[in-house]
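Quick note, the sequences are listed as chains A and B, same order.
For the first sequence, numbering that gives the first Met the number 0 assigns the number 0 to the initial residue and increments by one for each residue that follows.
For the second sequence, numbering that gives the first Met the number 0 assigns the number 0 to the initial residue and increments by one for each residue that follows.
Keep in mind that a hint or two might mislead.
Because identical chains cannot be distinguished in the list, a pair is counted as satisfied if it fits within a single copy or across any two copies.
[What the hints assert, rightly or not] Below, computed lysine-lysine pairings styled on DSS-like, alpha-carbon distance capped at 27 Å:
#1 Lys-181 x Lys-36
#2 Lys-86 x Lys-139
#3 Lys-81 x Lys-139
#4 Lys-105 x Lys-44
#5 Lys-166 x Lys-128
#6 Lys-133 x Lys-285
#7 Lys-36 x Lys-171
#8 Lys-243 x Lys-358
#9 Lys-81 x Lys-285
#10 Lys-181 x Lys-44
Think of the hints as simulated: they come from the structure by calculation, not from any bench.
These are the residues of each chain, in order.
Protein chains: 2
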Amino acid sequence: MKATVLFSALALAGSLGFAQNYPTAEQTVPDVMGWMKGFPPSQEKTLHASDGSFFEFPALRYSVNHMREFFPTRNVSSGNGKKYQLKTKLDPAIGNVTFTPWDSDKTMTFEESLGANYTDGIIVMHKGKIVYEKYPAGLKPDGLHAAMSVSKSFTGTIASILVAEGKLEPSKKVVEYIPELKDSGFADATVQEVMDMTTAVKYSEDYNNPNAEIWAYSVAGNVFRPADYTGPQNYYEYLATVKKLPDSEHGDAFGYRTVNTELLAWICSRVTGQGLADMVSGMIWKPLGAHYDGYYQVDPSGIAFAGGGFDLNLRDMAAFGEMMRNGGRLNGRQVIPEIAVNYIATGGSSDEYKATFAKGDYPKLQGWSYHNMWWITNNSHGAYMARGVHGQAIYIDPAAQMVIARFASTYYASNKYIDPLSIPAYEAVAEYLLNK
Amino acid sequence: MKATVLFSALALAGSLGFAQNYPTAEQTVPDVMGWMKGFPPSQEKTLHASDGSFFEFPALRYSVNHMREFFPTRNVSSGNGKKYQLKTKLDPAIGNVTFTPWDSDKTMTFEESLGANYTDGIIVMHKGKIVYEKYPAGLKPDGLHAAMSVSKSFTGTIASILVAEGKLEPSKKVVEYIPELKDSGFADATVQEVMDMTTAVKYSEDYNNPNAEIWAYSVAGNVFRPADYTGPQNYYEYLATVKKLPDSEHGDAFGYRTVNTELLAWICSRVTGQGLADMVSGMIWKPLGAHYDGYYQVDPSGIAFAGGGFDLNLRDMAAFGEMMRNGGRLNGRQVIPEIAVNYIATGGSSDEYKATFAKGDYPKLQGWSYHNMWWITNNSHGAYMARGVHGQAIYIDPAAQMVIARFASTYYASNKYIDPLSIPAYEAVAEYLLNK
């Protein structure tokens with residue numbers, strides 16, 4: 000049970016330090032390791048969600064491709080409408096693009112970074128075409144993979160669409176949408192503050208602290224919790240227990256707290272009358288013409304895990320990114336309102352946003368900001384990202400007309416330790432494509 | 000926990016007696032009852048697998064449409080190939096076809112029987128066209144529904160295909176395929192005896208007996224079993240514990256024991272190197288051109304629940320039945336070998352098969368037999384069926400060129416109590432279509 004809770008925690012944001020002597024990406028390819036292989040698999044190769052073994056490295060390299068085989072899930076239908084089409088014109092030279100990892104004096108090629116980052120699948124798109132596509136480990140082109148906190152950006156996109164459509168008012172207080180939270184720390188925060196994770200609530204994701212709120216939150220959402228558990232019955236009941244930080248004001252500082260995403264999904268459900276999986280299906284997946292149904296891990300009340308529970312296909316994720324890069328259009332169809340895309344991509348770049356972000360704990364991400372559940376680089380290319388633990392990413396670079404979609408399963412959870420090998424790599428490929 | 004085990008047991012074969020004063024089909028439509036509705040759902044409307052509440056009538060009327068939201072599952076991909084096409088030419092007069100339920104002296108219309116049987120969805124096909132299609136409760140045309148023991152017939156079809164392809168030898172002993180079972184009661188049974196459920200093993204599905212083997216079997220396969228559980232870790236480890244019935248011989252008598260289906264799937268996996276979900280995908284679902292992915296509930300070792308864990312779309316199930324009726328062909332494609340279809344449809348109709356079946360406990364099914372995990376009526380139309388608890392059915396009537404696919408959620412588990420309202424109804428519609 001403890002290990003399961005730990006997984007839930009790690010799956011959220013992660014803050015593991017560097018660890019030494021882990022086996023390499025090649026050594027930990029799931030087919031090589033043999034997890035869950037055989038009829039039946041041997042006990043030492045059997046992974047369980049109930050004891051957390053499924054998410055210990057390197058076993059997680061198998062599990063990220065098979066989340067629904069461990070948890071209850073709700074389908075995100077792609078429907079029976081017209082599917083998007085993406086052209087492919089591979090440029091193998093991308094693999095040879097070199098970059099210098101942060102804190103290093105040695106260069107590395109883009110292709111070398113894929114192994115160093117335990118990449119499971121990566122697609123680079125340029126001007127709407129797939130120019131690079133690799134599946135080094137476990138993931139199949141027709142498979143699904145855990146998006147981890149990239150899920151947050153899908154929740155933020157849903158909220159941004161609702162704002163664009165005039166159905167959700169970001170300046171309203173949380174309590175106006177969710178009266179159940181009137182006694183919680185969220186009550187007087189605005190919806191926009193929730194979207195930007197600047198709510199001043201007492202909620203720690205410090206895994207080294209046994210009293211951190213992350214533990215109670217994780218148990219509330221865990222279907223494998225003990226039978227005698229009597230705490231909050233689901234994510235939303237947990238949210239009602241969250242207190243305000245003493246001597247703090249909403250809006251002052253960015254603080255990466257996954258509870259904001261659960262709350263945002265709750266607000267969106269109140270507005271639409273639909274659960275998150277159905278909203279993503281109806282507002283994004285079907286209009287996009289996704290090729291594969293996705294799914295959400297659900298809590299004991301059937302509530303989708305908005306902060307980290309979405310699983311989807313890599314090409315579908317690349318197509319989603321390409322649609323974002325194109326002002327909400329793909330294959331000539333307006334998938335989501337352009338106003339929602341602009342709201343995400345350019346609405347969080349003011350000095351005020353940067354100052355708010357700087358109060359968070361991301362010293363390597365100088366000048367960045369966080370807005371509508373997306374990470375805004377504020378670099379000269381106007382790049383912005385969706386990011387998830389263990390290396391999940393969508394990197395959208397408008398200037399370079401480039402989108403990168405990546406699934407991975409590094410032994411690090413936190414992107415703090417993954418960024419040094421990936422952000423400069425993405426920037427280098429963008430420069431290459433810009434000058435091509 | 001106990002209730003969950005009870006569910007697993009009921010989901011297998013069921014033997015509940017008649018119960019009185021249950022609310023009607025109309026009163027128990029899931030949307031009316033409101034289970035899992037709201038954000039979050041109220042506690043009294045929240046259903047759990049871990050405590051079994053999800054499968055108590057009438058809550059099960061919701062759950063049969065949402066099984067993956069309660070359990071870990073494995074996808075059955077329909078692939079990206081060409082989808083089958085079924086023409087529709089509705090004949091509303093079918094609803095007015097009358098029949099006399101068994102043990103009754105009052106006639107009823109076919110449409111009335113749908114309510115009396117708590118039908119969730121039904122399709123009647125005639126000469127390859129959909130002539131009747133209704134979704135009275137909960138199930139949507141694009142939804143999936145639990146097939147319960149109709150799943151067994153899919154396992155039997157996989158085995159029949161492997162026999163037709165020369166990959167599986169039905170006269171061989173179980174132990175030749177599964178050496179791990181050398182000390183079990185199954186060791187010296189033939190594969191055909193497993194396919195026909197005539198193995199003489201000590202295995203009771205009597206839910207009134209606390210020592211019945213069904214309980215140990217259900218716990219072995221339950222992801223929600225207690226953390227301190229130390230018994231068999233999965234369905235296959237359980238099979239190794241099954242003993243032979245004293246003073247009995249394999250092949251002598253039909254005995255409806257779900258363990259045979261798990262064993263058959265195991266044998267097929269050994270032959271193909273694939274799990275059941277992948278076999279059904281590759282050997283049936285993709286070549287059929289199914290419109291929707293299906294899925295299997297899986298045990299704690301990721302093994303598909305072959306005896307009752309398949310969930311699929313109703314039209315896909317009707318198309319599967321139509322393919323069977325057409326000697327394995329649909330839309331001009333040979334989906335499965337004709338020899339496999341004939342093996343199922345006509346291979347179990349000898350007097351010997353009927354005599355073996357008569358030793359089972361199905362006094363209402365005079366002259367029937369059980370063969371390759373299908374129910375053979377041996378009536379003048381050559382009809383045969385796939386059957387699952389709570390009213391799931393595929394009824395294939397070659398003479399009438401008719402296929403009926405039905406999903407339901409009656410308060411009875413056992414078909415013994417459902418047959419009186421359904422078998423004569425199917426026969427009456429077949430007569431109507433034959434004479435149309």
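Hint-by-hint comparison with the structure:
{"no.": "1", "hint": "Lys-181 x Lys-36", "result": "between (50 Å within a copy, 22 Å between copies)"}
{"no.": "2", "hint": "Lys-86 x Lys-139", "result": "within (19 Å within a copy, 35 Å between copies)"}
{"no.": "3", "hint": "Lys-81 x Lys-139", "result": "both (23 Å within a copy, 21 Å between copies)"}
{"no.": "4", "hint": "Lys-105 x Lys-44", "result": "neither (38 Å within a copy, 59 Å between copies)"}
{"no.": "5", "hint": "Lys-166 x Lys-128", "result": "neither (34 Å within a copy, 44 Å between copies)"}
{"no.": "6", "hint": "Lys-133 x Lys-285", "result": "both (26 Å within a copy, 25 Å between copies)"}
{"no.": "7", "hint": "Lys-36 x Lys-171", "result": "between (52 Å within a copy, 25 Å between copies)"}
{"no.": "8", "hint": "Lys-243 x Lys-358", "result": "within (18 Å within a copy, 70 Å between copies)"}
{"no.": "9", "hint": "Lys-81 x Lys-285", "result": "both (9 Å within a copy, 20 Å between copies)"}
{"no.": "10", "hint": "Lys-181 x Lys-44", "result": "between (48 Å within a copy, 23 Å between copies)"}
Consistency with the previously given hints fails for numbers 4 and 5, ordered from lowest to highest.
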